[in-house]
Amino acid sequence: MSAMLRLLFFVVSLSPTLLLVTWDGSLSWALIDGIRLHLTLTPLAGFFLTLLALAAPLVALPMLRRPCDWPSLVLYVLLLLGMQLLLLAGDFVSFFVGWEVMTWSSYLLLLRSSRADMETSQSFILFNLASAFLLLAGILVFFSLTGDFAIRSLAEPSLPQALTLLALFGLAFLIKVGTLPLHIWIPSSYDQAPDAFSAFLSGSVSKMGVYGLILLPTLFPDALASFAGRFLNGPAFGYLLAWVGVITSVVATFKAISQEDMKRLLAYSSIAQVGYITTAVGVGSSLAIAGALYLALVHTLVKVLLFISVAGIVLQTGQRQFKDLGRLIERMPISFFGVLIGIIGLAGMPPLPGFAAKYLVFVSLVDARWLLLLAAMILASTAAFIYCYKLIYAPFLGHANSPGAKEAREAPWPYLVPQVILMGLLVLFGLFPGLAIDVLIDPVLVGLQMAPIGAESWAKLTTVYGGYDGVVLMLVFGIAFVLVTGLFLLLRGRMRRAGSPYDLSFAGEVPTADTPLHYGAGMGRELRRIPLVGWILRQGTRGFYLGLAGQMRAAAALLGNLYVGRPQAWILIAVVVLAASLAARAMMGGL
Amino acid sequence: MMHAVVDSLAMIGVSYVMGFLFYGFYRQLNARIQRRWGPSIWQNFFDNMKFFFKSETLSHGPMFFFGPMIIMAGAFTTVLFVPFLKDSTWLQGFSQYGNLILIIYLLVVGPLGNALAVGSSGNPFGVMGVTRGLTRLMGLEVPFFLGLALVMLQHETSSVHAIMAAQDGLANWGIVTNPVAFVVILLPFIAAQNASPFDVVGAPVEVYAGPRVEFGGRLLGVLMTQNMMMSIAKLVLVVDLFLGGASNVLVLIAKAFSLFLLTTAISMVFPRLKTEQAVDFFWKVPLGIGVLAVILTVWLPSWSA
Amino acid sequence: MYHKTQCEGFQCEQAMLEVPGDAETVREGVLDKLIAWMRQRSLFVLAYGTGCGAIEMRPLMTSRFDAERFGIIGAATPRQADVLVISGYLALKTLRRVIRSYEQMQEPKYVIGLGSCTINGGMYWDSYNTVKQVDRYIPIDIYVNGCMPRPEALIEGFVALQQRIKQGGKAGYHQYRENIDWYKANQRKALGEEMPPAYTYDWYHAGGVA
Ligand code: SF4
Chain R
1 MSAMLRLLFF VVSLSPTLLL VTWDGSLSWA LIDGIRLHLT LTPLAGFFLT
51 LLALAAPLVA LPMLRRPCDW PSLVLYVLLL LGMQLLLLAG DFVSFFVGWE
101 VMTWSSYLLL LRSSRADMET SQSFILFNLA SAFLLLAGIL VFFSLTGDFA
151 IRSLAEPSLP QALTLLALFG LAFLIKVGTL PLHIWIPSSY DQAPDAFSAF
201 LSGSVSKMGV YGLILLPTLF PDALASFAGR FLNGPAFGYL LAWVGVITSV
251 VATFKAISQE DMKRLLAYSS IAQVGYITTA VGVGSSLAIA GALYLALVHT
301 LVKVLLFISV AGIVLQTGQR QFKDLGRLIE RMPISFFGVL IGIIGLAGMP
351 PLPGFAAKYL VFVSLVDARW LLLLAAMILA STAAFIYCYK LIYAPFLGHA
401 NSPGAKEARE APWPYLVPQV ILMGLLVLFG LFPGLAIDVL IDPVLVGLQM
451 APIGAESWAK LTTVYGGYDG VVLMLVFGIA FVLVTGLFLL LRGRMRRAGS
501 PYDLSFAGEV PTADTPLHYG AGMGRELRRI PLVGWILRQG TRGFYLGLAG
551 QMRAAAALLG NLYVGRPQAW ILIAVVVLAA SLAARAMMGG L
Chain E
592 MMHAVVDSLA MIGVSYVMGF LFYGFYRQLN ARIQRRWGPS IWQNFFDNMK
642 FFFKSETLSH GPMFFFGPMI IMAGAFTTVL FVPFLKDSTW LQGFSQYGNL
692 ILIIYLLVVG PLGNALAVGS SGNPFGVMGV TRGLTRLMGL EVPFFLGLAL
742 VMLQHETSSV HAIMAAQDGL ANWGIVTNPV AFVVILLPFI AAQNASPFDV
792 VGAPVEVYAG PRVEFGGRLL GVLMTQNMMM SIAKLVLVVD LFLGGASNVL
842 VLIAKAFSLF LLTTAISMVF PRLKTEQAVD FFWKVPLGIG VLAVILTVWL
892 PSWSA
Chain X
897 MYHKTQCEGF QCEQAMLEVP GDAETVREGV LDKLIAWMRQ RSLFVLAYGT
947 GCGAIEMRPL MTSRFDAERF GIIGAATPRQ ADVLVISGYL ALKTLRRVIR
997 SYEQMQEPKY VIGLGSCTIN GGMYWDSYNT VKQVDRYIPI DIYVNGCMPR
1047 PEALIEGFVA LQQRIKQGGK AGYHQYRENI DWYKANQRKA LGEEMPPAYT
1097 YDWYHAGGVA
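Residue numbers (the working numbering), protein chains in the order written: chain R, 1 to 591; chain E, 592 to 896; chain X, 897 to 1106.
Same shape as in the complex, but just chain R:
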């Protein structure tokens, strides 16, 4: 019985794949008079459905491990269905329904974790509800403009209309994406969510915000190229968005460096990565959108991989703080390679696909002549090396720091299978940077009426600014590595393995098990001495929100003054309001 149910669940988790393969044409029916629901798969939605199809079964596997939590499985199915509805939606009603199903089922899934506390779940649901209501308001404004719910480009919106729409939708999606200062629900909820589900939250659910962010400009004619004029060689409004994205990544990167918990670090790095995507969307050229999509692809693969590896570590050791782990490289070698490939992708190192994505974004920034943005982005992506190193050093290298870490064994296979598959995918996309362009990204660009990037062969990434060849790169590196190792071993002389992990040059001392030798928790602490970084780390959005709450309270008190006990005052107010509105109408030439 239970086995059947598990199988069924796994099949449902494959449903995005099935949908992707079998869906053709579109579905459309009248809901009520004049309002038609419309399900269709645009190329853009198809891309994000592919990401979902990649992530869903891989996250489902670890969730299926006994003893499994049946309510979470049901919620996960619901979540998947909601997200598919969201992606298929050709009208805003189904879009909104999908959005709400996604929000609530992920909220309830978050609550299934024993670690979820009140504050986290509250901030999660508050922010996501705010996002949903902003979306709803946006949809209503849209309906009042077009008289229709279908998602299509507005004919000739006036500037205020466009700005209202942009603000409402934009805020809704930016909350989901988690840019500064709307990100505060992310770190704690990614951290406290059930371990496997964090992978899905970061890998897939956040991508829905990105989907919305790219969908949004398609509502306006030519918005990607020139909303509100041009700045240098790109859209002026996009410049603003791009700075929001870049500042998000810079701040989130430094925050990530200062974290002491693996999942929190990953959560902040997730914010930073989505910040890059936001930047790329802001640039809006075809290179940049290709870069944004590529980044989204890589981020999905990498974050699912990393969160599942970390989930395996937490499962086997019971520890999640950097200071409590160490030396797992010998005990969990496959997870080590998982994290290794993951951070190489995350840091955007060649030859893995993270580099191809970053390359596209960098080149698009040069093309748009937004060099200051480029510099800021380089800052974030170089600082990311530090947290990447922390992520692999503290759990896997150094010295084991707790009994859990000393006795851990390799994670069980439901954790390893997804890792191996994802590593394979990452290496594949790295070898063939043109593959993702050709198969996944160019159709979307064509669908958005942009110039496709084009790939002369799958091994090559080609842009007008030049490109590179993934296969040659990998071959050169591989051959060099084999040659160097071979030559080294040919040299005379013995290699000797150190007799003990404590056999260190330690100023003539002999360290023992009690000597603090693990540098995991302290790494990155000294960064605070750099004035800029110190300043960033001292800031918090807490003050901002406290201030907001204070203002709200003051406004409420002001409003409360009106509610005095005397009925005369009430009547007076009513009369004044009535008279004022009548006067206004009369002046506008109504009545």
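No wet-lab data here; the hints were simulated from the structure.
Footprint (simulated), chain X over chain E, 3 or more residues, beta carbon under 8 Å: (1) 619-630; (2) 645-655; (3) 793-800; (4) 805-817.
We put the beta carbon where it would ideally sit given N, CA and C, even for glycine.
Following the hints, position chains E and X with the ligand against chain R.
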């Protein structure tokens, strides 16, 4: 195929020989400035060979062993992706398959691979050194990349070949047509070479030699070799971008050497900065110049147009 | 002046151990000669400076004496060093660190004993806490005597060491490897409880091949 193999070997050979001779010269010059005789110009070669022929090498496990191999492979790859000559079929390696941004990232691949080895040795001093190195990298990369971006913008390409080809004749050299970019990258470039005053990371008296603390014997020889080759790759890259490239090996050596002299002259007279001082410096002075350059060369022309 | 040609007392233990030179019988190829030559041109020095003689180590590297012209330069950690210079007297407490540092160096490795204290205790000959004769604990290749020896003397010592290396043959580290039990017994006698843990040296017995 045969050509590619011979060409690659030649590039590796040239960069190695240039590497130890340049460093030998550096030590010699440094000594003369301090009124000493100094070692012979071959000293770096002797040191390197001595390490390669040490009869004992300690290892802390497989990852520790593979780290130096990765960094060496990274150095080879970097050298092979930087075109040494222009208008020539020789000393090109695989540079037509790469670009400037790729090279900049390749420069970091090796050190990061080695950082894994440092971590797996379990020596906290080594990891401290790695963190310092990464911190310095974070500081220097921002102005360095901004300067390179100015060059990429000037030529509207990220291909080193195209940038080199555009600089025919002295008047078209990058250093003449885009002097601000050169000024912006100069100091970060010195730091990228791990030269004084930004050499806090591997300096012998700083946290116990930093990342190299556990490496000895032949592994240290490997680290030394890759360091020399990597330095030459960076020098040649800057020659390609700003000094118009070189059409034969002698010109290449001459140009690289003059650039080396310039950086050496700067690094010999300044005392070492702390890591955070260095980062702060990079974000103030070179980056400040970079921002000014962007405003002057990119913003203003587009507004006045 | 007291000048001894024969060993006396406990010093004979050492003499008995010294196998009469098979250095001459070792046939060396061209490659070995070349390597030996490069080795002697490049000596990285780990200066162990606890004794008062250490004060003479500093000028060695500066402009006046400039040891770098012989290829001699300081190393930061024992892993990178070729030559250990023990500058002066060793207390029992520092002996342990010296042994540790010596064992962490990678072969080929050499030791220079600086000052009379390393030879026979020097002016601390009757101290309760000072090691009288360092080569009972680690093999010393070159002694530079004097109290304290001038940098010129030290340079001469280095040059003598370079000659030895160039000629090839057995050096101190061979002796240490072959007579590890004798050295360890002496160390254990001196250090007692403070003896470094077994993993630091037991690979000498295992043949040490990883
Ligand atoms: S030999 Fe003389 S100078 Fe050297 S340590 Fe002994 S007492 Fe000091």
